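*Asks:* Chains as they are written, first to last, in the numbering used here: chain A, 2 to 344; chain B, 15 to 387.
Among these hints, one or two may not hold up.
Derived DSBU-like pairs (lysine-lysine); straight-line CA-CA distance at most 35 Å [as the list claims (entries may be wrong)]:
hint, chain 1, residue 1, chain 2, residue 2
1, A, K63, A, K145
2, A, K334, A, K145
3, A, K266, A, K249
4, A, K266, A, K292
5, A, K61, B, K322
6, A, K344, A, K178
7, A, K230, A, K286
8, B, K213, A, K145
9, B, K322, A, K83
10, A, K266, A, K230
11, A, K178, A, K61
12, A, K266, B, K89
13, A, K85, B, K322
14, A, K63, A, K186
15, A, K34, A, K297
16, A, K186, A, K173
17, A, K178, A, K85
18, A, K230, A, K83
19, A, K272, A, K85
20, A, K164, A, K230
21, A, K61, B, K89
22, A, K63, B, K280
23, A, K37, A, K85
24, A, K83, A, K61
25, A, K344, A, K85
26, A, K63, B, K89
27, A, K139, A, K164
28, A, K230, A, K178
29, A, K292, A, K63
30, B, K322, A, K186
31, B, K89, A, K186
32, B, K372, A, K139
33, B, K213, B, K89
Partner residues are not named here, just some residues of chain A that face chain B (Cβ under 10 Å, in silico) [unchecked claim]:
hint, residue
34, D57
35, Q59
36, K61
37, W62
38, V92
39, A150
40, G151
The hints are simulated quantities; they were obtained by calculation from the structure and are not laboratory data. Since we're looking at a predicted model, the values are computed, not measured. For every residue, glycine included, the Cβ atom is placed at its ideal position computed from N, Cα and C.
Residue-level listing of the chains:
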Amino acid sequence: MRQTIKSLAVLAVAGTAAFAAAPAVADDGPTLKAVKERGEVLCGVHQGRYGFAIADSQGKWKGLDVDFCRAVAAAVLGDSEKVKYMPLGSVQRFPALQSGEVDMLSRTTTITLTRDSALGLNFGPPTFYTGTGFMVRKSIGATKVDDLAGAAVCVFPGSTTEKNIAALFASKKMDYKPVVIESSKQLVGAYMSGRCDVLAMDQAGLPGHQQFDASNPADHMIIPGVYSKEPLGVGVRAGDDQWFDIIKWVTHVTFNAEEWGISSKNVDEMKASNDINIQRLLGVKGDLGAKLGLDKEWAYRVVKQVGNYGEIYDSNWGPPLNLERGINELWTKGGLMYGFPMK
Amino acid sequence: MNDQATPEVVAGGSKRTAPPPIERIPVLRWVRENLVSTPFNAAVTAICLIGLIYFLPGFIEWALFDAVFVTSDHKVCRAAEGACWAVVGEKHRPMFFGVYPYEEHWRLIIAVLIYISAIVITMMPKFWSYRILVPAWIFTLVSTLTLMWGGFLGLAEVDTSQWGGLPLTMILFSGTLVIGFPLAILLALGRQSNMPAVKAVCVVFIESLRGVPLITILFVAVNVFPLFLPQGLEFDKLLRVVVGMAIFFACYEAEVIRGGLQAISKGQYEAAEALGLGYWHIMIRIILPQALRICLPGIVNHIIAAFKNTSFVLIIGLFDILTATTAVMQDPEWRRFTLEAYLCVGLVYFMFCYALSKYSQLVERWLSEGKRF
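Please construct the entire structure, taking both the sequences and the accompanying hints into account.
*Replies:* Printed below as a string of structure tokens:
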């Protein structure tokens, strides 16, 4: 039945659409159609946060969030460079997505129930797990959170981190002295100058401060563990299931490719693999792409042009930061990154 | 203090007797007249001197002697005691040009040069004629926009969302003036109008928009306005922002101009009417030239404010020179040296604003000398 409808629809548009040659055009939802007509993915990103989205010395966008924009462009348009980046503030990001100014929001956005439901959004699988972390001066002799009773803690005011710490210390029945400072530069400066014993913030930011803002990085240590849940994912408008599916499965491509050992370097050789999973993924067998309204090579291009999840992670969080993967490891290595079956 | 009966008294301070020989040396005379003329002045001078002696050597040491001027290695800067001006060399491209494609930056440099030349020409009275300025500005607008947009003549197309840095600041500023200033004059005239409907519209427009912060207007222009438009109809985001800023500027400037209009004596209006001139003739030929002359300092004041207001686009994701610098300085290897980068951007703002204010003083002097253009 579905096939019949599809072929009828193909006939219907064949005369008008210039690109009707692609068999899946008939299935195009509004967003996919708009993206293909425009020839560009409009992607909302952070205005400047190292590791997630930042313009480098040549003004080129780089970062983990940016790489997921590129992956979608590679899958849908065949070229990872066909992205128009829209830097968005944290207040402005949701209206920008709702009003259609961007096709996807890849901007350090924590997935929450309210955002998913009341804001009318849908979120792909988390692309990065983070949460509150603590950095301490080694001289105070603390190695775990339980040692921090009575400590002065530097934290952003009004942030989720501030609430998380209050809850964490209350649950452990420990006292602490919050030192709240709005600007990130001054907050880090206050910690470095000794106004507080502990620097509490999003864990992904801590290694950078240790290595690049401390006068002697060896004087500081990051307490192991993450003390709140901040799963970051790509958001899209609710109501366009096909586009949502594309975002979701492009993300899973990066996870699965890493798990199956496919990287941007060996993807061409991997096409000859005997593994049926790899054959399906790279479009050697089956028609996974067509089910999403894409061509056969969609996933191949994601891996070839952008890379698997491990490559994406390393290119953004590797040197000079060398952030440990932690829970962002594959599930097979004790992390949370779990690619769904692609069949 | 107001005793200016004879020039000798002013020049020689309070003493009327023959000036002591020391005052024949111009420098010492200047010091005496300007720095230590009264006990209060002397005290202020002393405090400033102590402050300078206390802070200046440290600053010079930091900014000059211990500073690193050229290096592409952040470790060299970290090892140095002083300022790291090398950060400007390392990051100047994204600071000044934002995320505009790197290979195309030469287009921006040419565009900025053309634009600045056009402004310099416009500021010189000897070029003040329609025959020169109108073609010059048409050429400037067409050539700079062609250079920035591209899309033909073999130039790659660059979308407005990628425009950034200094050119963006200049576009926002000139767009605000070009749209806002005529609108301000119309609003000011409308508010003085005898027609109740026109007057009411202008009053409501001015008062309601003056009552909200610029940030609100920008937010509405960027995020709320598109929600009202039918699907498929889109205005460029940059255009929406410029129009929003221009309207905001116009509301304030209209009130300044109204002040000038009210300062014109009624006799001027009546005399013009007695000559049988129409409304627009009276305004353009007689009233506005005098009114604008009166309120010139206020007008320039708001123009300078408008230049600095361009940095508000931070909240709507446009990379003007300040936002671009903030974003670029997130780089962990260089972010210790954010202060140096900001000082550089501050210098750019200062040069523009100082030039504007100096120029307006010059124009005021021309006007007070009764110079005709």
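*Asks:* Take a quick look at whether K213 of chain B and K89 of chain B sit within 35 Å of each other, Cα to Cα.
*Replies:* 64 Å, violated
*Asks:* Below or equal to 35 Å on CA atoms is what counts here, so check K230 of chain A against K83 of chain A.
*Replies:* Holds, at about 33 Å.
*Asks:* K230 of chain A and K178 of chain A: Cα distance at most 35 Å?
*Replies:* Roughly 23 Å between the alpha carbons, so the hint for K230 of chain A and K178 of chain A holds.
*Asks:* Does K322 of chain B pair with K186 of chain A here, judged by a C-alpha cut-off of 35 Å?
*Replies:* 23 Å, holds
*Asks:* Would the hint on Q59 of chain A stand, with a C-beta cut-off of 10 Å toward chain B?
*Replies:* 4 Å, holds
*Asks:* Are the Cα positions of K272 of chain A and K85 of chain A separated by 35 Å at most?
*Replies:* Between K272 of chain A and K85 of chain A the Cα gap is close to 31 Å, so the pair holds against 35 Å.
*Asks:* Between K266 of chain A and K89 of chain B, is the straight-line Cα distance small enough, at 35 Å or below?
*Replies:* The given pair, whose Cα atoms are some 32 Å apart, holds under the 35 Å limit.
*Asks:* Is it true that the CA of K63 of chain A sits at most 35 Å from the CA of K145 of chain A?
*Replies:* Since the Cα atoms of K63 of chain A and K145 of chain A sit roughly 34 Å apart, the hinted pair holds (cutoff 35 Å).
*Asks:* Is it true that the CA of K266 of chain A sits at most 35 Å from the CA of K292 of chain A?
*Replies:* 27 Å, holds
*Asks:* Holds or violated: are the alpha carbons of K83 of chain A and K61 of chain A at most 35 Å from each other?
*Replies:* 13 Å, holds
*Asks:* For the hint on A150 of chain A, just tell me whether its beta-carbon gets within less than 10 Å of chain B.
*Replies:* At about 31 Å, which exceeds the 10 Å cut-off, the nearest Cβ of chain B leaves the hint on A150 of chain A violated.
*Asks:* May I ask you to test the interface hint for W62 of chain A with respect to chain B, counting a Cβ-Cβ separation under 10 Å as satisfied?
*Replies:* 7 Å, holds
Checked against the numbered hints above, the structure violates hints 6, 7, 8, 11, 17, 22, 32, 33, 39 and 40; every other hint is satisfied.
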